[in-house]
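Participant: Listed below, chain by chain, are the residues.
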Amino acid sequence: MTFWSKLAGAVAIAAAVSLTPQILTPYAYAAQPGTLVTGDNLPANLDPHQIFDVPMQLYSLNEYDNLYRYEGNPPELKPWLAESYTVSPDGLTYEFKLRHGAKFHDGSEITADDVVYSFKRVLALGKGPSGAFKPVLKPDNVTAPDKYTVKFVLDHAYAPFLSAVPIVMVVNQKILKAHEKNNDWGAAWLGSNGAGSGAYILDASTYRPLERVDLKQNPAHFKGWSDNPQAPKEVQIIPTRETSTRVLALLKGSVDMTDSYLPTDQVERIQKAKGVHIEKHTSMRVFVLRMNNTKPPLDNINMRKCLAHAFNYDGFITEILKGYDYDLKKAKAFCDKAKAEGAPTTRPIEIHIQSQLEQTNQAAQLLQSDLSQIGINLKIVSDTWANITTNTAKADTTPDMWVHWVSTYFVDPENWVGQMYDSQFHGTWKASSWYKNPKVDELLRKARSVTDQKERQPLYEEATRLIVADSPDIWVYNTVELRGVTDRVKDFRFSPVGSGGEMRWIKLAN
Amino acid sequence: MLRFILRRVLLAIPSLFGLLVLTFFLVRVVPADPATALAGENATPAQIAAIRHEYGFDQPLYKQFVVYLGQVARFDFGESAYSRRPVSLDIKQRLPATLELTITSLLLGTFLGIPLGTIAAVYHNRWPDITLRILSVAGVAIAAFWFAIELQLLFSMELDWLPLRGRLSSSMDAPPLVTGFMLIDSLLAGRWDAFTDTLHHLILPAMTLSLGGLATIARFTRAGVLETLQRDFVTYARAQGVPSRVLIWKYVLKNSIVAALTQIGLLFGGLIAGAVVVETIFDWPGIGFYTVQAILTADYKVILGVTVVIGVIYAAVNILVDLIHGLVDPRLREQL
Numbered sequence: 001m002t003f004w005s006k007l008a009g010a011v012a013i014a015a016a017v018s019l020t021p022q023i024l025t026p027y028a029y030a031a032q033p034g035t036l037v038t039g040d041n042l043p044a045n046l047d048p049h050q051i052f053d054v055p056m057q058l059y060s061l062n063e064y065d066n067l068y069r070y071e072g073n074p075p076e077l078k079p080w081l082a083e084s085y086t087v088s089p090d091g092l093t094y095e096f097k098l099r100h101g102a103k104f105h106d107g108s109e110i111t112a113d114d115v116v117y118s119f120k121r122v123l124a125l126g127k128g129p130s131g132a133f134k135p136v137l138k139p140d141n142v143t144a145p146d147k148y149t150v151k152f153v154l155d156h157a158y159a160p161f162l163s164a165v166p167i168v169m170v171v172n173q174k175i176l177k178a179h180e181k182n183n184d185w186g187a188a189w190l191g192s193n194g195a196g197s198g199a200y201i202l203d204a205s206t207y208r209p210l211e212r213v214d215l216k217q218n219p220a221h222f223k224g225w226s227d228n229p230q231a232p233k234e235v236q237i238i239p240t241r242e243t244s245t246r247v248l249a250l251l252k253g254s255v256d257m258t259d260s261y262l263p264t265d266q267v268e269r270i271q272k273a274k275g276v277h278i279e280k281h282t283s284m285r286v287f288v289l290r291m292n293n294t295k296p297p298l299d300n301i302n303m304r305k306c307l308a309h310a311f312n313y314d315g316f317i318t319e320i321l322k323g324y325d326y327d328l329k330k331a332k333a334f335c336d337k338a339k340a341e342g343a344p345t346t347r348p349i350e351i352h353i354q355s356q357l358e359q360t361n362q363a364a365q366l367l368q369s370d371l372s373q374i375g376i377n378l379k380i381v382s383d384t385w386a387n388i389t390t391n392t393a394k395a396d397t398t399p400d401m402w403v404h405w406v407s408t409y410f411v412d413p414e415n416w417v418g419q420m421y422d423s424q425f426h427g428t429w430k431a432s433s434w435y436k437n438p439k440v441d442e443l444l445r446k447a448r449s450v451t452d453q454k455e456r457q458p459l460y461e462e463a464t465r466l467i468v469a470d471s472p473d474i475w476v477y478n479t480v481e482l483r484g485v486t487d488r489v490k491d492f493r494f495s496p497v498g499s500g501g502e503m504r505w506i507k508l509a510n
Numbered sequence: 001m002l003r004f005i006l007r008r009v010l011l012a013i014p015s016l017f018g019l020l021v022l023t024f025f026l027v028r029v030v031p032a033d034p035a036t037a038l039a040g041e042n043a044t045p046a047q048i049a050a051i052r053h054e055y056g057f058d059q060p061l062y063k064q065f066v067v068y069l070g071q072v073a074r075f076d077f078g079e080s081a082y083s084r085r086p087v088s089l090d091i092k093q094r095l096p097a098t099l100e101l102t103i104t105s106l107l108l109g110t111f112l113g114i115p116l117g118t119i120a121a122v123y124h125n126r127w128p129d130i131t132l133r134i135l136s137v138a139g140v141a142i143a144a145f146w147f148a149i150e151l152q153l154l155f156s157m158e159l160d161w162l163p164l165r166g167r168l169s170s171s172m173d174a175p176p177l178v179t180g181f182m183l184i185d186s187l188l189a190g191r192w193d194a195f196t197d198t199l200h201h202l203i204l205p206a207m208t209l210s211l212g213g214l215a216t217i218a219r220f221t222r223a224g225v226l227e228t229l230q231r232d233f234v235t236y237a238r239a240q241g242v243p244s245r246v247l248i249w250k251y252v253l254k255n256s257i258v259a260a261l262t263q264i265g266l267l268f269g270g271l272i273a274g275a276v277v278v279e280t281i282f283d284w285p286g287i288g289f290y291t292v293q294a295i296l297t298a299d300y301k302v303i304l305g306v307t308v309v310i311g312v313i314y315a316a317v318n319i320l321v322d323l324i325h326g327l328v329d330p331r332l333r334e335q336l
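Here the protein sequences line up with chains A and B, keeping their order. The numbering of the first sequence is the numbering used here, which starts it at 1 and goes up by one. The numbering of the second sequence is the numbering used here, which starts it at 1 and goes up by one.
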């Protein structure tokens, strides 16, 4: 025998030997006591001041603490690192009193300086979470009068400020300063590391972007653990990419939780299986089909109403937000009216979908089939989030229509109606229907500057009425989040902010 | 021989440069860039412009290209706009996983495909040949994602023999990183448990990925062997009383395998592309899923970095295949 055939033989024997015990004893997966594995998605990096999306909340609500925190459904603002706050009568000055003795993971105490640093860092980086603060807050106006007081002076009264405070996670100033490079505020470093104080501690050595995050319980967390001794000792976030694998892994018990975008057939499959169940929670994530209100024929109100009535809301999903009903006759009447007014209704209308999110495609196909019955030609264009958001910066590059969700980042009408329909936000993707109604602008701006919630409410209601009458978009539904979990996960606590990503409340049965 | 290698490497440089130009402008001609996505939910146009400036997206395209070219020449692929990590680090961490998977699939396809193709040719138009023909058409036609899910259902869910997803059980510590090839690293560390665990995780994805290649290699081998069997030297050898087994497996196969070998080189590119699907279904932590994510988010430094690295590997594999040609067939050696 030659060397090579000997080697081949050796490899074959090694393979056979290594496989044999496996075939004799089943590859049964035993869930590890105290370890919770979730297959939900990870953010693009781990810096909560750079990335601001739903996957980030799954990580940041565990690794970090904020001054106030949303809990429950409907979400309520609860004191967290701050014990209380005061606001001046003119609505310009906010003071937060920090709790004493709360510690970062490295053992140092969290002081007002760290909070000031965190807000300044958010403003300086100018990424995701900064949008809510940039228009009203200058970095120099965040100060620490003493070790446990943080003071904010706003440029002008801005009612949603308090609701937006939980967006900013408090980071450890000392650690970040040690990792700064070229004045980057430690941005490159924090993308792969942790500098928090939260209920769980990141193990940076096993971190793989978009693939794996390991978190260990923080025994010294300021909240303590006496209220929940059964909380997971370890949390592994290992995203599953393919829906089918995701559900199989849940049924097998190798993950304890899936994401919340499961299609109906998989939900039914989980409901029928043993040892797993569906956590169903009403969220505040709104599904919208946008229309570019500046492009003919969509600049015609009757054309827009025609499209709004042509969408089969009931056929698409259970819960409808409000506004329009599915009525093809009504739709046709509006389309005819638009045509009579000279709108080019026969021009093919392009709707851009997000190719990796099947629901956006399904919604577009449903609308397409109904519209074809009344003679409107809808073309579906596959697109990506990055491409769409780049194109929506200008009215003439914004597609005729496109499909997306608006999630909950802070609980204030500003998160939805304010940022979607005030024309001062034109150029941002949230305001990408290019809707402009001076009366609505006035109402929304007033609502933003009045600090009394009772006074704000009627302003938003009036603005919403006007917007619905103008039919700038097609509002489809308020998302119901359906998540598969194993039966050993008890007390799953859901809040629309963070989509139930806070792990400290979960009781893990062994 | 050395001259041959040198010539092939020099020839590869312009094609790699062409690849770089093409990819750069294709990726950048699309108006998307990561600035808007990075700016997040409530960003103002000014904020987006600031981020665009920070990353140099506001520079003319040709200037961006020159800067990029300079970086690539120094093997620096820049930083991912999202993960903020050097692209070369991300590639270094993920590429070995993809190579481990593709090489295993290629070996599986080669070492099963060549004997199967030979047997089919020897039993020309009899049942082994017909069976193989049906299987190889199916092998090319079957969608990888469907086959993968069927394998998962059978071997992982029903029989419980093999793991469903991943590269290593989540409860097991990874062996120290040396080559990035988990099988090799675990052997180097003397971690038999990690070795077998990795091997189990490798079986289903490798089976899925090898399917199309196996069918192609088998068909090309069959065609080559059939042709060689008609040649005079075979008739002569038979007349001389050379045992059939020796004749087929030693002389005929050696004379017929060149076409199949060429296919192996070409298949390698297809396997890396196919790895995207397989890696997604089996959560295999390779370069495929990482690249798809980069395409969806217009993270163009990642797209370019991966394209260049895979281009280099593809060129290298094909040079290697040409060298193997020479080893197998002395007549080709003279041309080297």
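Any given hint might turn out to be false.
Restricting the straight-line Cα-Cα distance to at most 30 Å, the calculated cross-link-like pairs of lysine-lysine (DSS-like) are [claimed, not checked]: (1) Lys394(A) with Lys337(A); (2) Lys181(A) with Lys301(B); (3) Lys174(A) with Lys151(A); (4) Lys490(A) with Lys507(A); (5) Lys216(A) with Lys97(A); (6) Lys250(B) with Lys394(A); (7) Lys394(A) with Lys379(A); (8) Lys97(A) with Lys174(A); (9) Lys92(B) with Lys216(A); (10) Lys120(A) with Lys233(A); (11) Lys490(A) with Lys454(A); (12) Lys254(B) with Lys181(A); (13) Lys181(A) with Lys223(A); (14) Lys181(A) with Lys92(B); (15) Lys134(A) with Lys454(A); (16) Lys177(A) with Lys63(B); (17) Lys151(A) with Lys490(A); (18) Lys78(A) with Lys134(A); (19) Lys63(B) with Lys295(A); (20) Lys92(B) with Lys394(A); (21) Lys134(A) with Lys216(A); (22) Lys223(A) with Lys233(A); (23) Lys394(A) with Lys134(A); (24) Lys103(A) with Lys272(A).
These aren't lab readings, by the way, just hints derived from the structure by calculation.
Participant: Now, for every hint given, state plainly whether the structure supports it.
Facilitator: Hints, verified against the model:
1. Proposed proximity of lysine 394(A) and lysine 337(A) is supported: the alpha carbons are some 29 Å apart, at most 30 Å.
2. For the hint pairing lysine 181(A) with lysine 301(B), the CA-to-CA distance comes to about 21 Å; that is within 30 Å, so the pair holds.
3. For the given pair, lysine 174(A) sits about 20 Å from lysine 151(A) by alpha-carbon distance, which is consistent with the 30 Å threshold.
4. For a cut-off of 30 Å, the pair hint linking lysine 490(A) to lysine 507(A) stands: about 5 Å separates their Cα positions.
5. Using a Cα cut-off of 30 Å, the hinted pair lysine 216(A) and lysine 97(A) holds, with the two alpha carbons roughly 29 Å apart.
6. Under the criterion of a C-alpha separation no larger than 30 Å, the hint pairing lysine 250(B) with lysine 394(A) is inconsistent with the structure, at around 69 Å.
7. Annotation: proposed proximity of lysine 394(A) to lysine 379(A) holds, straight-line Cα distance about 21 Å (limit 30 Å).
8. With a C-alpha separation of about 21 Å, the suggested pair lysine 97(A) and lysine 174(A) falls inside the 30 Å cut-off, and the hint holds.
9. Proposed proximity of lysine 92(B) and lysine 216(A) is supported: the alpha carbons are some 27 Å apart, at most 30 Å.
10. The hinted pair formed by lysine 120(A) and lysine 233(A) fails the criterion: a straight-line CA distance of about 33 Å is larger than 30 Å.
11. Distance hint between lysine 490(A) and lysine 454(A) is unfulfilled; the C-alpha atoms sit about 38 Å from each other, more than 30 Å.
12. With a CA separation close to 60 Å, the supplied pair lysine 254(B) and lysine 181(A) exceeds the 30 Å bound.
13. Taken as a hint, the lysine 181(A) and lysine 223(A) pair is broken in the structure, with Cα atoms around 34 Å apart against an allowance of 30 Å.
14. Among the hinted pairs, lysine 181(A) with lysine 92(B) is consistent with the structure: their alpha-carbon atoms are about 23 Å apart, no more than 30 Å.
15. Restraint check for lysine 134(A) and lysine 454(A): satisfied, since their Cα atoms lie roughly 26 Å apart, inside the 30 Å limit.
16. Between lysine 177(A) and lysine 63(B), the direct Cα distance comes to roughly 34 Å. Violation of the 30 Å bound is thereby established for this hinted pair.
17. Pair hint lysine 151(A) plus lysine 490(A) does not hold up; C-alpha atoms about 40 Å apart against a cutoff of 30 Å.
18. The suggested pairing of lysine 78(A) with lysine 134(A) holds, with an alpha-carbon distance near 24 Å, which does not exceed 30 Å.
19. Among the hinted pairs, lysine 63(B) with lysine 295(A) is inconsistent with the structure: their alpha-carbon atoms are about 35 Å apart, more than 30 Å.
20. Between the alpha carbons of lysine 92(B) and lysine 394(A) the distance comes to roughly 39 Å, so the proposed pair goes past 30 Å and is violated.
21. Restraint check for lysine 134(A) and lysine 216(A): the C-alpha separation of about 34 Å exceeds 30 Å, so the hint is violated.
22. Taken as a hint, the lysine 223(A) and lysine 233(A) pair is honoured in the structure, with Cα atoms around 15 Å apart against an allowance of 30 Å.
23. Simply put, lysine 394(A) and lysine 134(A) have alpha-carbon atoms about 21 Å apart, close enough for the 30 Å limit, and the pair holds.
24. With a CA separation close to 45 Å, the supplied pair lysine 103(A) and lysine 272(A) exceeds the 30 Å bound.
Checked against the numbered hints listed earlier, the structure breaks hints 6, 10, 11, 12, 13, 16, 17, 19, 20, 21, 24; every other hint is satisfied.
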